[in-house]
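Listed in order, the protein sequences are those of chains A and B.
Reminder that position 13 of the first sequence reads as 13 in this note's numbering, one-by-one numbering, no gaps.
Reminder that position 49 of the second sequence reads as 1049 in this note's numbering, one-by-one numbering, no gaps.
Hints are not guaranteed to be accurate.
[As the list claims (entries may be wrong)] Derived lysine-lysine pairs resembling DSS-like cross-links, with alpha carbons at most 30 Å apart: (1) A/16 with A/109; (2) B/1030 with B/1052; (3) A/3 with A/109; (4) B/1013 with A/109; (5) B/1013 with A/38; (6) B/1052 with B/1013; (7) B/1052 with A/3; (8) B/1030 with A/3; (9) B/1030 with A/38; (10) A/38 with A/109; (11) A/3 with A/70; (12) A/38 with A/70; (13) A/16 with A/38; (14) A/70 with B/1052.
[To be verified] Just so you have them, the derived chain A footprint on chain B, three or more residues with Cβ under 8 Å: (15) 1032-1046; (16) 1049-1057; (17) 1103-1111.
Because the hints were derived from the structure by calculation, they are not lab data.
A quick note: this is a predicted structure, and the numbers were derived from the prediction, not measured.
Here a beta-carbon is modelled for each residue, glycine too, at the ideal position from N, C-alpha and C.
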Amino acid sequence: AQKVTQAQTEISVVEKEDVTLDCVYETRDTTYYLFWYKQPPSGELVFLIRRNSFDEQNEISGRYSWNFQKSTSSFNFTITASQVVDSAVYFCALSGMNSGANSKLTFGKGITLSVRP
Amino acid sequence: DAGVTQSPTHLIKTRGQHVTLRCSPISGHKSVSWYQQVLGQGPQFIFQYYEKEERGRGNFPDRFSARQFPNYSSELNVNALLLGDSALYLCASSLARTTYYGYTFGSGTRLTVV
Chain A
1 AQKVTQAQTE ISVVEKEDVT LDCVYETRDT TYYLFWYKQP PSGELVFLIR RNSFDEQNEI
61 SGRYSWNFQK STSSFNFTIT ASQVVDSAVY FCALSGMNSG ANSKLTFGKG ITLSVRP
Chain B
1001 DAGVTQSPTH LIKTRGQHVT LRCSPISGHK SVSWYQQVLG QGPQFIFQYY EKEERGRGNF
1061 PDRFSARQFP NYSSELNVNA LLLGDSALYL CASSLARTTY YGYTFGSGTR LTVV
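All chains, please: the whole structure from these sequences, using the hints.
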């Protein structure tokens, strides 16, 4: 069974602060994908990033960066210089690489990020 | 290009009734998945359809059913509605039946059961 744990429930920061969102996962699959999605009040899930389980290279994309550590089953996400528009619920998700039910996304409970001006 | 479209956006139903939710995937996408998101929780997988066949099913009762049409649009049906079925129902489309190409989500249908 797959499981995603987002221990943080709510985070509040002041604009321009850096913020890191934590994610820990469990899976029996040897190959898998990890995702971060953003859900603004409109409800739509917006894709942010995806990593493959066999690629632990951490990257930076604009103000977003992520730290994937397979040894600790963690996939943390950092927003640098946060902006008010970053306020949303952020979900970490996991899926297998095969088809069918294995390809389903397993989500954590989400972290509500509030960025104050 | 149009994204994933879902209808209706909001719906209020009474316990015991049935409901049909609709989803149109991105043009060219052959896979449609349905998720239920209860307030304060992450989305939970309900179904995946690819090429008009059910390819995966989550842990939901038989009151939940779905189908995919030749144009790849999809319907989610829920019978004998319970108060606990109140949720945001999200549809996601993808090019393939694996996660390789990722999923694009619609804005969802907010179902309230009273």
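Here is how each hint holds up against the structure:
Taken as a hint, the residue 16 of chain A and residue 109 of chain A pair is honoured in the structure, with Cα atoms around 26 Å apart against an allowance of 30 Å. About 8 Å separates the Cα atoms of residue 1030 of chain B and residue 1052 of chain B, which keeps this hinted pair within 30 Å; it holds. Straight-line distance between C-alpha atoms of residue 3 of chain A and residue 109 of chain A comes to about 10 Å, which keeps the hinted pair within the 30 Å bound. The straight-line distance between the Cα atoms of residue 1013 of chain B and residue 109 of chain A is roughly 26 Å, inside the 30 Å bound, and the hint therefore holds.
At most 30 Å may separate the alpha-carbon atoms for a hinted pair to count; residue 1013 of chain B and residue 38 of chain A meet this at roughly 29 Å. Annotation: proposed proximity of residue 1052 of chain B to residue 1013 of chain B holds, straight-line Cα distance about 28 Å (limit 30 Å). Restraint check for residue 1052 of chain B and residue 3 of chain A: the C-alpha separation of about 29 Å stays at or below 30 Å, so the hint holds. Pair hint residue 1030 of chain B plus residue 3 of chain A holds up; C-alpha atoms about 27 Å apart against a cutoff of 30 Å.
Simply put, residue 1030 of chain B and residue 38 of chain A have alpha-carbon atoms about 24 Å apart, close enough for the 30 Å limit, and the pair holds. At roughly 12 Å between alpha-carbon atoms, residue 38 of chain A and residue 109 of chain A fall within 30 Å of each other, so this suggested pair holds. Of the supplied pair hints, the one linking residue 3 of chain A and residue 70 of chain A holds, its CA atoms being roughly 15 Å apart against a limit of 30 Å. Distance restraint check for residue 38 of chain A and residue 70 of chain A: the Cα-Cα separation of roughly 23 Å lies within the 30 Å cut-off, and the hinted pair is therefore satisfied.
Distance hint between residue 16 of chain A and residue 38 of chain A is fulfilled; the C-alpha atoms sit about 19 Å from each other, no more than 30 Å. Among the hinted pairs, residue 70 of chain A with residue 1052 of chain B is inconsistent with the structure: their alpha-carbon atoms are about 36 Å apart, more than 30 Å. Here's how the stretch 1032-1046 of chain B fares: 8 of its residues keep a CB closer than 8 Å to some CB of chain A, so the rule of at least three is met and the hint holds. With 4 residues bearing a CB less than 8 Å from a CB of chain A, the stretch 1049-1057 of chain B meets the requirement of three and the coverage assertion stands.
Only residues whose beta carbon comes within less than 8 Å of a beta carbon in chain A count, and the stretch 1103-1111 of chain B has 7; three or more means the coverage holds.
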